[in-house]
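There are 2 protein chains.
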Amino acid sequence: MNKTIGIFGGGQLGRMMAQAALPLNIQCTFYEADTDCPSAALGQVISSQTEQGLQQFIQSADVFSLEFENTPLADVDLLTQSKALHPPRQALATAQNRLMEKALFDQLQIPVAPYQAVDSLASLQQAVTTLGLPLVLKTATGGYDGKGQFVLRSEDQIEQAWAELGPAKSLIAESFVTFSREVSIIAVRGQDGEVKTWPLAENHHHHGILSHSIVPAPNSVDLQPAAQDYITRLLNHLNYVGVLTLELFVTEQGLFANEMAPRVHNSGHWSIEGAVCSQFENHIRAVAGLPLGSTEVVRPTVMINIIGQYPKSEQVLALNGAHLHLYNKTERAGRKIGHITLMPNDSSQLTSLCRQLAKILPVPLALSEDMTI
Amino acid sequence: MNKTIGIFGGGQLGRMMAQAALPLNIQCTFYEADTDCPSAALGQVISSQTEQGLQQFIQSADVFSLEFENTPLADVDLLTQSKALHPPRQALATAQNRLMEKALFDQLQIPVAPYQAVDSLASLQQAVTTLGLPLVLKTATGGYDGKGQFVLRSEDQIEQAWAELGPAKSLIAESFVTFSREVSIIAVRGQDGEVKTWPLAENHHHHGILSHSIVPAPNSVDLQPAAQDYITRLLNHLNYVGVLTLELFVTEQGLFANEMAPRVHNSGHWSIEGAVCSQFENHIRAVAGLPLGSTEVVRPTVMINIIGQYPKSEQVLALNGAHLHLYNKTERAGRKIGHITLMPNDSSQLTSLCRQLAKILPVPLALSEDMTI
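Chains as they are written, first to last, in the UniProt record's numbering: chain A, 1 to 373; chain B, 1 to 373.
Simulated pairs of lysine-lysine, DSBU-like, Cα-Cα distance not exceeding 35 Å: (1) B:83 to A:312; (2) A:329 to B:83; (3) A:196 to B:329; (4) A:3 to B:359; (5) B:359 to A:196; (6) B:336 to A:3; (7) B:3 to A:3; (8) B:3 to A:312; (9) B:196 to A:336; (10) B:329 to A:3; (11) A:329 to B:3; (12) B:312 to A:196; (13) B:329 to A:83; (14) B:3 to A:359; (15) B:3 to A:336; (16) A:83 to B:312; (17) B:196 to A:329; (18) A:329 to B:329; (19) A:312 to B:196; (20) A:3 to A:329; (21) A:359 to A:312.
None of these hints come from the bench; they were simulated from the model.
Extracted from the complex, chain A is given alone in its bound form (with noise of 0.2 Å):
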């Protein structure tokens, strides 16, 4: 043991794997630009800044992971001349383009909206009269939490849409599909070829940044064969070693893919204390080649965003059965500073701690309208 896994990048998904790598003996090292992030506490963080970082990174640790999607390409392909990578390049390329990622999903008759590629405005025309409206219009590549992307309503907004993403040159037309719910699944597998896959996750939204997820989805049992199914294929297909995530709409048609992130994802930080090994630890083993741990849930759990202002602990730990994990991150509006984990003995009261976290929060919870999960 005693391997050292340096990490592209040093955000709060860093932190926390290195949380879970330590008890393992495994040291992580950070190539990040900002030498203050949330990693800093947990090892080594190399600066992307300098003309030697790269080599350097290259030099500090064993064997390579990510915690950031849009790692440069080129930076891997010089890392993979000497050192492995875990995920592979190819999971990396594909998820860092829309494009290429509904074409891998084509590919292994995984189900998506109906789109098109989009490079005019007369290909964005063409789009709407084939695909009809409402329609999403993304850039390929670049865009999280609801940036780059135009909603497209009527078609006197075609325009207004090519005129805000045309620059991006690449483009997708996504049919605005009518979806009862978002899902996700999280998936890892070991450098032995071994799948072991989370249940799903329900995941909500606010402004477009994930405000919480439940766990195990509710009413999720007939959905969970398909998703396992899906994100078992693109392990496979790919060579995947580590944890990747598929963001799923469950349709009257059943799912379809949303995207994928070659990566731990927020809608499983809920596993650090809700299943027996966390996706954290489960990537960390993966990339390490260690044996599996077990994605069981202990408890039922909701998982919620801290976003942009800290609540006060004290009336957070207060609440039975959370958690409070922060980031060490400064106050910004729509920053992801921190999460909080409730795992109530009697899962019927998840409502109930949600209500009461709903008026702890400074910054909404998006809980329906009459305040239920």
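The hints should help you fit chain B onto chain A, whose structure is shown.
Frame of chain A, contents of chain B only:
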């Protein structure tokens, strides 16, 4: 928030405290002779070997605690001139002296085995007459993991026992209690006086060192109320803040207190995964003045110490529901260098998992003769 907690000691207990503190954005500093100690990965270690060390340590944090039971009282006295220490000095002083400890148990009507103070060969002979044989002679101060003890089985051992332990000046002779098993109870008391208790652990030793703990202790439902009552008396009497451990013998006359430890305890390591809130997190919460977390068990658990020599991580992690905690200590006979937590979905698997583990561990696991737990 953003409090810093200064901890006397920097071993694995400090390491696991700091691991629990980190998600709460609480930093730890450590006062320790060996700056390359297990806690070093998680916070500043201030050397106790330098002249300015203690003053530096006192300035390094807002509030103080300890993981080292033999923290010198003189250091505590200097500290408490300007800063608060949890647990209180009196708890530490009492736990450092077996005679004071027994006197406190007597005062609070917590049953103990008959005992007598010994400070001369004559008083040892007197104790043998009064208490009968066999008896255990122990130094009143110092000694742990079976060191500083002599089991007297016949009168002709009196001189040998006195020769070995007499130089310590202050000794205690205890009746050799016939007990069916040893259990321990761990509780935490907050700054508002709230007390929470984990279920009893059943502890098994090998050569005087804890081998493994089973939680909840089998057939302990009838014992739990008395144990909780005893530890609550201690906590309230001492106006204690933080985690306290009470070791008990199960005898035909009921529970007898053996000793208390004014700190998190090896027999509570299971709680990292097996309880909603671990002993480490609750200790940190109490010291920081935060509300306490739930001490409920999420699954029956066996915690096994790794003593002297590391097993292969990949063999341990292949066991269903196994968690591995390595302390980053070098291997040495009789030294606690890590622990393993087993918490399978089906608790009837615990025995078979322990049998598998016994084959993997380089150092014997103290299973019963039929290899059951």
